[in-house]
Amino acid sequence: MDLKGRRVLITGASKGLGFEAARELSNRGASIAMIARNTEALESASKAIQQARSGEVLHYSCDVSKPNEIDKVCRAIDAEWGGIDILVNNAGGSSRGRFETLSDEQWQADFDVKLFSTIRFSRWAISGMKERRWGRIMNVVNTLAKSPEAGSAPTSVTRAAGVALTKVMANEFAAHNILVNALCIGRIESEQWKTFHVRDAPHMPYDEYLKEQGSKIPMGRLGYPTEFSGLVALLASDSGGYITGTAINIDGGLCPTV
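To convert, take the position in the sequence shown, counting from 1, and add 881; that gives our numbering.
Source of the hints: derived by calculation from the structure; they are not laboratory data.
A hint or two may mislead.
In the DSS-like style, the derived pairs of lysine-lysine whose C-alpha atoms are separated by at most 30 Å in a straight line are [claimed, not checked]: (1) K1011 x K1075; (2) K896 x K1048; (3) K896 x K1097; (4) K1048 x K1011; (5) K1011 x K947; (6) K953 x K1027; (7) K885 x K896; (8) K953 x K885; (9) K947 x K1048; (10) K885 x K1097; (11) K1097 x K1075; (12) K1027 x K1048; (13) K947 x K896; (14) K885 x K1011; (15) K885 x K1027; (16) K1097 x K1027; (17) K928 x K896; (18) K1092 x K1075; (19) K1092 x K1027; (20) K928 x K947; (21) K1075 x K896; (22) K1075 x K1027; (23) K953 x K896; (24) K1092 x K953; (25) K928 x K953; (26) K1048 x K1092; (27) K1092 x K885; (28) K1092 x K947; (29) K1075 x K928.
Pair by pair, the computed Cβ-Cβ distance ranges are [as the list claims (entries may be wrong)]: (30) D985 x D1119: 41 to 49 Å; (31) R1013 x A957: 14 to 22 Å; (32) A957 x T1138: 19 to 27 Å; (33) F980 x M882: 36 to 44 Å; (34) E981 x G1134: 27 to 35 Å; (35) D1088 x F980: 17 to 25 Å; (36) N908 x G978: 33 to 41 Å; (37) K928 x A1055: 49 to 57 Å; (38) G1134 x T1107: 14 to 22 Å; (39) E981 x D1088: 16 to 24 Å.
No residue lacks a Cβ here, since even glycine has one placed at the ideal position from N, Cα and C.
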């Protein structure tokens, strides 16, 4: 799955699954534009990928909840590359609470980061993809989009909207050879689990906490980041050229719906 010559933009790229996707696609020859809010973490992540590969790596600090910052990044990438071929919308961590406790501000913040950033980056990217008649868009959501639990809002709701958006775009742009898919992640090892550990079980050693979480999954373990990034690479390549409009579970069988 050679991606040499392909230009990729990944949001939420400074750590976790976004960073793993950036590293995987860079290893396969793609040029990478890494987007994240934390400038220090972003610079460190960018250097790590540059040291491992000779391909071009750009990085831009951006608060994706702000339209003007997204517009600034898109204009900068247009100036550098003239557009992109592959977009991985990966911004936003899990935000959960009981329905009656959630304020309008919390709802709006989640929609801005997760849904509207996807809309805005995709709208920009699709214009050039249509001209070149080639494009790949991956929207990273989670399995709560398909099977929401009590106390899982606003994330489950915004991610469900992301799945619906995926299908709309896939249907509208398939004729232009622009393929759009959602990746519904389950419990995959990432930086977020450290936050969950502190929140839910600070008394338990971290390794034991991860093992306990993995025991709740049919496969008996958490997923590995490389299992996520490998699927991203497939969908980004010509080998995934007949896959569009799908919401693929990457969850070890945990989600009760297909």
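Restraint status (C-alpha distance of K1011 to K1075 at most 30 Å): Roughly 40 Å between the alpha carbons, so the hint for K1011 and K1075 is violated.
Straight-line alpha-carbon gap K928 to K896, limit 30 Å: holds (13 Å)
Cβ distance range 36 to 44 Å for F980 and M882, holds or violated: holds (43 Å)
Restraint status (C-alpha distance of K885 to K1027 at most 30 Å): Violated, because 34 Å separates the two Cα atoms, which is more than 30 Å.
Hint consistency between K885 and K1011 [alpha-carbon to alpha-carbon, up to 30 Å]: At roughly 20 Å apart (the allowed maximum being 30 Å), K1011 and K885 satisfy the hint.
Agreement of K1075 and K928 with the hint, judged by alpha carbon distance not exceeding 30 Å: Status holds; Cα separation ~23 Å.
30 Å limit on alpha-carbon distance, applied to hinted pair K896 and K1048: holds (27 Å)
Range hint compliance [Cβ, R1013 to A957, 14 to 22 Å]: holds (20 Å)
Status of the given 27 to 35 Å range, CB of G1134 versus CB of E981: holds (32 Å)
Restraint status (C-alpha distance of K1092 to K1075 at most 30 Å): Answer holds: K1092 to K1075 is near 13 Å, not above 30 Å.
Distance restraint hint 33 to 41 Å, applied to the beta-carbon atoms of N908 and G978: Distance hint for N908, G978 holds at roughly 38 Å.
Distance restraint between K1092 and K1027, which requires alpha-carbon spacing of 30 Å or less: Roughly 25 Å separates the two Cα atoms, so the pair holds.
Hint compliance for this structure: hints 1, 6, 10, 15, 24, 26, 27, 28, 32, 35, 37, 39 are not met, and every other hint is.
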